[in-house]
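Asks: Starting from the known structure of chain W, fit chains A, G, L, Y and P onto it as the hints suggest.
Protein chains: 6
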Amino acid sequence: METNVEQKKVITFGEILMRLSPSGKRLLSQSNQLNFFFGGTEANVAMALANWDNKVEFVSAVSDDFIGKSSLAFLRQSGVSTLHIQRNPHPMGLYFMEEGTSLRSTQVIYNRLSSAFANIDWEDVKWEDILKEAKIFHWTGITPGISEKTYQGLKRALRLAAELGVEITVDPTYRKNLWNYGRGSREVLQEFISISNVFFGGTNEINEILNTNFSNDKNNFIKAAQELMKSYPSIKKVFDKVRISQGASSHRIYARYWNGQQYFSTDEIEINPVTDRIGTGDAFVAGIIFTMDKYDEQSVLDFANASCAIKHTIVGDVNLASEEEIWKIAKGNIEGRINR
Amino acid sequence: METNVEQKKVITFGEILMRLSPSGKRLLSQSNQLNFFFGGTEANVAMALANWDNKVEFVSAVSDDFIGKSSLAFLRQSGVSTLHIQRNPHPMGLYFMEEGTSLRSTQVIYNRLSSAFANIDWEDVKWEDILKEAKIFHWTGITPGISEKTYQGLKRALRLAAELGVEITVDPTYRKNLWNYGRGSREVLQEFISISNVFFGGTNEINEILNTNFSNDKNNFIKAAQELMKSYPSIKKVFDKVRISQGASSHRIYARYWNGQQYFSTDEIEINPVTDRIGTGDAFVAGIIFTMDKYDEQSVLDFANASCAIKHTIVGDVNLASEEEIWKIAKGNIEGRINR
Amino acid sequence: METNVEQKKVITFGEILMRLSPSGKRLLSQSNQLNFFFGGTEANVAMALANWDNKVEFVSAVSDDFIGKSSLAFLRQSGVSTLHIQRNPHPMGLYFMEEGTSLRSTQVIYNRLSSAFANIDWEDVKWEDILKEAKIFHWTGITPGISEKTYQGLKRALRLAAELGVEITVDPTYRKNLWNYGRGSREVLQEFISISNVFFGGTNEINEILNTNFSNDKNNFIKAAQELMKSYPSIKKVFDKVRISQGASSHRIYARYWNGQQYFSTDEIEINPVTDRIGTGDAFVAGIIFTMDKYDEQSVLDFANASCAIKHTIVGDVNLASEEEIWKIAKGNIEGRINR
Amino acid sequence: METNVEQKKVITFGEILMRLSPSGKRLLSQSNQLNFFFGGTEANVAMALANWDNKVEFVSAVSDDFIGKSSLAFLRQSGVSTLHIQRNPHPMGLYFMEEGTSLRSTQVIYNRLSSAFANIDWEDVKWEDILKEAKIFHWTGITPGISEKTYQGLKRALRLAAELGVEITVDPTYRKNLWNYGRGSREVLQEFISISNVFFGGTNEINEILNTNFSNDKNNFIKAAQELMKSYPSIKKVFDKVRISQGASSHRIYARYWNGQQYFSTDEIEINPVTDRIGTGDAFVAGIIFTMDKYDEQSVLDFANASCAIKHTIVGDVNLASEEEIWKIAKGNIEGRINR
Amino acid sequence: METNVEQKKVITFGEILMRLSPSGKRLLSQSNQLNFFFGGTEANVAMALANWDNKVEFVSAVSDDFIGKSSLAFLRQSGVSTLHIQRNPHPMGLYFMEEGTSLRSTQVIYNRLSSAFANIDWEDVKWEDILKEAKIFHWTGITPGISEKTYQGLKRALRLAAELGVEITVDPTYRKNLWNYGRGSREVLQEFISISNVFFGGTNEINEILNTNFSNDKNNFIKAAQELMKSYPSIKKVFDKVRISQGASSHRIYARYWNGQQYFSTDEIEINPVTDRIGTGDAFVAGIIFTMDKYDEQSVLDFANASCAIKHTIVGDVNLASEEEIWKIAKGNIEGRINR
Amino acid sequence: METNVEQKKVITFGEILMRLSPSGKRLLSQSNQLNFFFGGTEANVAMALANWDNKVEFVSAVSDDFIGKSSLAFLRQSGVSTLHIQRNPHPMGLYFMEEGTSLRSTQVIYNRLSSAFANIDWEDVKWEDILKEAKIFHWTGITPGISEKTYQGLKRALRLAAELGVEITVDPTYRKNLWNYGRGSREVLQEFISISNVFFGGTNEINEILNTNFSNDKNNFIKAAQELMKSYPSIKKVFDKVRISQGASSHRIYARYWNGQQYFSTDEIEINPVTDRIGTGDAFVAGIIFTMDKYDEQSVLDFANASCAIKHTIVGDVNLASEEEIWKIAKGNIEGRINR
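One line per chain: the protein sequences are W, A, G, L, Y and P, in this order.
The opening residue of the first sequence carries number 5 in the numbering used here; numbering runs sequentially from there.
The opening residue of the second sequence carries number 5 in the numbering used here; numbering runs sequentially from there.
The opening residue of the third sequence carries number 5 in the numbering used here; numbering runs sequentially from there.
The opening residue of the fourth sequence carries number 5 in the numbering used here; numbering runs sequentially from there.
The opening residue of the fifth sequence carries number 5 in the numbering used here; numbering runs sequentially from there.
The opening residue of the sixth sequence carries number 5 in the numbering used here; numbering runs sequentially from there.
These are computed hints drawn from the structure, not numbers from a lab.
For clarity, every value in this text was computed on a predicted model and none was experimentally measured.
Identical chains share a label here; the pair holds if one copy fits it or two copies do between them.
In silico DSS-like pairs for lysine-lysine, Cα to Cα no more than 25 Å straight-line:
hint	residue 1	residue 2
1	335	29
2	180	335
3	29	332
4	159	234
5	130	59
6	159	139
7	59	136
8	13	59
9	335	241
Pulled out of the complex, with its shape left as it was, chain W reads as follows (with noise of 0.2 Å):
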């Protein structure tokens, strides 16, 4: 922990939401409290990283008050600089989550449209000062997809980003209940990733970003991901994480990997019972990132795919896991026993 590793500064962009939820498998209807967090998918990759001692900044707009200092502290516990994050009088974005269990699902509502960080005053952001010493930019479809304003946050952010040569990583998840201020995602996200180079998703993202159709298997997945590089070929490497549900309590996971030439995948991980799933395609996202340039393909694979699996077992949005626990997961040590 805390080694003196050569750091790389990566910037996020994008909502870090108040996450509220009953106990115990509660529903709300049967609780009179509610256990909170913060979390958010970019502000989950920012954390997970600034615990492994990598020097990260999270640009945001949270809400002039309580709620948002608290977001704040939150996010320097683990280091993350917080300089850049405006404070607006808009409310906090924030979800209800009612956690599923066994063959339960989980439900979850969004209270984020007209919250602080849609209502971002994107042009007072100060992006050449932040980029300026950046190897990395990540963007996720989540921050496009809120506002105008977070779209043209996000647009400014990735043309000053491709301008000074920071490697820009793309996590493209689609959300059913967002895209609703006018753009259409398939042509925003086509806009962005044309100009990114790493992406993370698997045969369903791919589909909905060409239009394409391909099914989930091995061979469609190394075919989506020529045809993505292809029709952008600023795209260098494709990540992606792949899950078996059998319930909501026991999950199966891998991760497989096209370079461009090569297909590499991981074994599978089983996890039982899941604690917390909400964060573990970030903590899969952040594992990458962490360790691309440092280590062989196959121990990026497979560092990635068990900070993703732990992050299973670990409550909250971010992934806490120390670098040495996943190495540990990675190298299939996976029996639990007590550390003493």
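Replies: Relative to chain W, chains A, G, L, Y and P alone:
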């Protein structure tokens, strides 16, 4: 939810108990707090039906104090009518529970034999008003096992219901720690089953009533059901749910049904982990009563089995799952994905 | 309790909000759990009245999700009718609160301007059905301050109520963080007060409405009330409660009343410590509405003041004290002995 | 603590009840959890004495289930002997409490009339073994008010104690919700007081027993005590504590004492806020019994009053303060500074 | 329970620690509350035996403050004698734990090297009084690893026990974070095992002590046990429990035993989910000590294995299951049905 | 908040401890959960200053485990720099607290004498880097009282600070349970005060240091301050806060100040109830340091007194109130109204 389906008015009569149990799988001796819920087999059926927008009335007696008042508030949450519930100075019935897990069994202690319900003023219940618009009257073997007063109360209700042509459904649950006020369970159940129409139970229950010895396989179930119908020709349908336990935390269940001519059964559903198995039988009964006259017989059985299954994932005594969630499981969708 | 007093049907129209606050006097940044309640000034009045066995209907719009569903269950606990509450896809309105203590003030954040209620389909509310058996319609200055839709909804209701001869009571609460959709608070309040009959408020509220400058002593209160009645002859009664705060934890309160001819006031009651001061004004209003036509004027004022006082000792937004408990305090019994 | 002072063996006989109450000043209808404690007037005296390193035995009957087992574990924590406590299949006695605050009163519901203790097998208690090394036997008016069995049990114990020359102390607490099994409270108390030696109570209690009408001032207290001693010459000492309540949260207390010749009284102590007033009288009794033969009479009264005072700051039924803490308060040190 | 079986007096000597851990599988950095228990290998054995109505004394030193006092209260709950436990001004030993789940390991931090027990006044323990009626003295490898003082204390106890013919049982647990006060673990264990009679451990433990290299299969276990008995002829019995972990949440266990002539083993029991694995080995040891002289050898082993198994379902360090519950599992009844 | 006022860099050096205490005024023996916070006098000063947007660095040593890691995350929440905090294998220092109320005192137990901080590698701290941009270095009498290592660490820091012209502030808190490693408190404090500039303390502290005997009135305070300045001419300012306790729940405080020529004092503020008095002195110190060079002397004293006052209403060790809230109180606004 709250759609305008034509509603059937269902009446149940029984005791609503306060349930108290330590959280986090603790023993009571390790705790200083208890979670509490209200429940009881007949109230559970009533509340599940009300949650699915049926018109339901629950008839009972509760304590005239802040616990009794809370039990009424609890019933009203789902919209169950509490108009004819008596309040008297006897204490609320209650039970304490240490929840088991894996190979440790759940332990239950009752405190109900001197309760408000056991002391109901049975002659004062306005059954004529209550039953006049009822379609279904549901009773269980618990009620007549508590006291002479509850026996007499049920007897009056059943006679009037039969007279008025209300359909009578029965779950003849046998509890060895009841039936100590003077009457024998077999005689009473026989008396009341002889005017009932729908029977919930399998070979165990039938053996108890008929003093027979059927084993638990399919053929014996059919034979037992036939024998029951022969003895009590008012019985037209026999619904049974079967549970295969692997400890307290992992169960498989399926349902079966004999309609006098034909045998139906469902697929097995696995629940792992089991969150709360109290009231799973009541969820099954409610599922049958809700769908019985509206769907084909296989769908009825599938819905009730799914209702029973999902109740295992919900804390408390009552099935709070929506109709939509249950149909999804009834149709085999048990992946437990997140609903955003 | 639940005695058979002749019931008056009261209608209230407004927003029911979810309230979320840390426990144990913590700040949100020190917490990971929030207690929640449902409340809102009009709903609080409705629930208190229903707890005292009045027939009450609350008209509103809530979110079509598990929070909205819970808010309906909450209302039904006391027996408030929820028959005409709309459900729409907008999020539930909510507020966050950090509870003050001693010299530290309570901090409140609202998230309601884009809520289900703000987006009510006001033309679709069946006011004719709702008001046909009503005796009293109660409104507050919150509702018309939220959005054009809630303004229009209230306007229709008030006009019809006035036509049908329903008595109209008003609590013209002014909130500076509302009234930003285009209309001015003074004009709207004047418009609606001109058809109302009972006014809850003191010199502050009257100054706000009449643009006057009365100070807060007895004589000025009487003059202000007279001035109000002169400007709006429909107003026949002016009820006011007065609070003397010594920090957030110790308050003294009394009530006063001008009936057009005569001044009434109560003794001062000290509350120390204050457990929860939200909804104390609503407890006062409910106390007046409940007793107004049944008791002499001094008793009415004493009951309402005692209702306000005891609410300070009850958590949540709603006065849950029984009629009997309140009369005891109204008659000066404030020793707080144990009731065994 | 745990010093080797010569210990007196004290025996108490009564019911230990489970107490259940919502936390945070909530009403039960607002809660889904209850805190629980064990307590009961005689058990409270026993435990306080054991905490101060006296040899104590508590004689009772508890339920033969996990609640009864926990009550024994609770008693043993302080070192009270549970050797002669019966276990039977009747349920544990219990009480529910909604804690008051400020002008709201505490509400208590009992569930004890059919309890294990009410059904004690009184002929089976080995009083000879229990009393043979006893110096003091303490009883209260609760025990003979519960049932004929508890009356008979106490009678046997008192007769044997008197025979063996054990000093008998009595707290003749009267509870209106007891005494419904057939015997009259006055006759029974007179019968038993006539062989007791130390009386805890003031003019109310003496009026109840002697059917007199003394008011509560100093002179009347002395006259009442004299009258009591005249009627029951076995009584040699009358100890009384006096409480002045300002609501449920702020009390002042002092103690007074008549030894047959001389009057003693303590200074008044203010307790604000009151954390828990249950068991404060028992803390007073325990304080007297503990010091009675070891210190001068003024110190005895001061210690007992301080013991009563500090119990108001301790949750649960039992005084857990150390001897040292109590002496500090008895000597007037009530600043409440931090002990590091 | 609490039947009058003839009791053997068992003495254990060791440290009782306070254990603190976040609830709900949280990391400490995500929590603001910690659950706490008391435990420690020798205390766990003592308490389990006392719960099964054996006469047991635990010898130790605890802090002279409110934590030490609480640890004594905890021990007394089950009836363990605390008569000879010292209290000194050093702090209570404690450990913090982040509970693992699935593939995430449990993390433990100790704070015990300067504790009250490490500083025990070993010359002051009255071993003659303590051991004079003892049948069994149980020790573990933890105690002599803490400090020179605890080493000396144990040495004196063992010598006297051996002299008095008390049967000596040993669980030579090796902990790498102990043994840093100067003595080597192997030498000390060899010294003390040479006067012990019953050995709890398998090939790992024997390898550690004998500096051998046995693998873990049945034949090697027998050979290792034989080798141990040859080296230390006082050892007459070797009991071992074997665990197969599939992550932190699912374990299978069985037990085996070499009595010098014959090998015994039990069936495998699966525990899923594991609620708490701390103290499962101590539950095994207690199971053997309890039954060793009362049942046939296969039953002894079955009981101990079942005791170990059920401990996995109980929170805290101590096995609180009743003898009856354990025999049920020992006999293969692991369905986990509800006991009403 | 987070305005761009010119920031002074403040350095503090000391121990950050974990604080553990039962909730709800329980004793530890009545609890199974403990709330925890991090705090310590120097860390409290640092965090309060950082919350008001000062640049602050805290220098210390923490344990190299999940507790130490959490303490760093805690500090970073407010933006305190943790760059030069060492991590070593010794355990985290901690303290347990039973919170008093009314006349019951708070009890505190420390476990810190063998902690990570007590074992700091004092020669390894990079004071040159740390102090080079510092304006103020704050120390307390706790740090040199813990161990020789912390004494040496502080000595080096103070010497360098003095050399570099950094202003040195001192709070010479004396704790009787420290100072047991060999050095005398008076000698050490005299040595270090002789190079300090701002003194926090009153007659008690000055008497301790100068071995004088001043009483606590205004004149004696002035004389004592003059005497101190005569003995240690580097001291230019003496700030004192005075507390009048009425039990643990109600305090009055005021502050006074001698600047060498002139006496200043504030009005008295009453706090009732006291929520948490730990860290109130540190809130005073932080208030002075924050305002000292920016406002007139009376305002400085008023702000610091208000900062101290509001800390009594905030749980935990750290003053989290905003600058705005404190000014409001400093200006006499203590009504505690709701801020909507």
